[in-house]
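Using the sequences and the hints given, assemble the complete structure.
Heads up: the sequence shown begins at 1 in full-length UniProt numbering, then just goes up one per residue.
Think of the hints as simulated: they come from the structure by calculation, not from any bench. Careful: at least some of the hints might be erroneous.
Derived EDC-like pairs (lysine to aspartate or glutamate); straight-line CA-CA distance at most 16 Å [unchecked claim]: (1) K76 x D36; (2) K38 x E69; (3) K38 x E25; (4) K54 x D43; (5) K77 x D20; (6) K76 x E25; (7) K76 x D35; (8) K38 x D68.
Per label pair, the in silico range of CB-to-CB distance [stated by the list, open to error]: (9) K54 x P34: 15 to 21 Å; (10) S30 x D60: 24 to 30 Å; (11) E22 x H58: 14 to 20 Å; (12) D36 x E62: 26 to 32 Å; (13) T5 x D36: 27 to 33 Å; (14) V37 x A64: 15 to 21 Å; (15) I29 x E59: 25 to 31 Å; (16) S30 x E59: 17 to 23 Å; (17) K77 x D51: 26 to 32 Å; (18) Q14 x V72: 16 to 22 Å; (19) I29 x D60: 24 to 30 Å.
Every residue, glycine too, gets a C-beta built ideally from N, C-alpha and C.
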Amino acid sequence: MEQTTTTINDLFAQLALDSDDESIETFIISHQLPDDVKLIDADFWTPRQADFLKEQLHEDAEWAIVVDELNVRLHKKPE
1 MEQTTTTIND LFAQLALDSD DESIETFIIS HQLPDDVKLI DADFWTPRQA DFLKEQLHED
61 AEWAIVVDEL NVRLHKKPE
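Following this line, the structure appears as structure tokens:
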């Protein structure tokens, strides 16, 4: 059985955001989160986007790995 790998580009498309690499990098740079703000509580998500992210993390679904990746990248301090 062939496994598909979900990417951060797929996640952005699922969230109805621009999903090319440049747009993703721009989004991440311009939406950095303080350490005390959870990804799902960020004020820039629509309610539907926040619900999707929360559901995927709660269910430990296929998307959970890339949601975790996005979380890390949004909390990473600029160098």
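Holds or violated: K76 to E25, with C-alpha atoms at most 16 Å apart: 12 Å, holds
Straight-line alpha-carbon gap K38 to E69, limit 16 Å: 13 Å, holds
V37 versus A64 beta-carbon gap, inside 15 to 21 Å or not: 19 Å, holds
Distance restraint hint 15 to 21 Å, applied to the beta-carbon atoms of K54 and P34: 19 Å, holds
26 to 32 Å as the expected CB spacing between E62 and D36, which holds or is violated: 28 Å, holds
Cβ separation of I29 and E59, checked against the hinted range 25 to 31 Å: 29 Å, holds
Consistency of beta-carbon spacing, D60 to S30, with hint 24 to 30 Å: 29 Å Cβ-Cβ, so the 24 to 30 Å window holds.
Given hint E25 paired with K38 - CA-CA distance at most 16 Å: 19 Å, violated
Range hint compliance [Cβ, I29 to D60, 24 to 30 Å]: 28 Å, holds
Pairwise hint evaluation, D43 against K54, where the allowed Cα distance is 16 Å at most: Answer holds: K54 to D43 is near 14 Å, not above 16 Å.
Distance restraint hint 27 to 33 Å, applied to the beta-carbon atoms of T5 and D36: Once the Cβ atoms are compared, 32 Å apart, the range 27 to 33 Å for D36 and T5 holds.
Consistency of beta-carbon spacing, H58 to E22, with hint 14 to 20 Å: The hint (14 to 20 Å, Cβ to Cβ) is violated, given that E22 and H58 are roughly 31 Å apart.
Against the hints set out earlier in the document, violations occur for numbers 3, 5, 11, 16.
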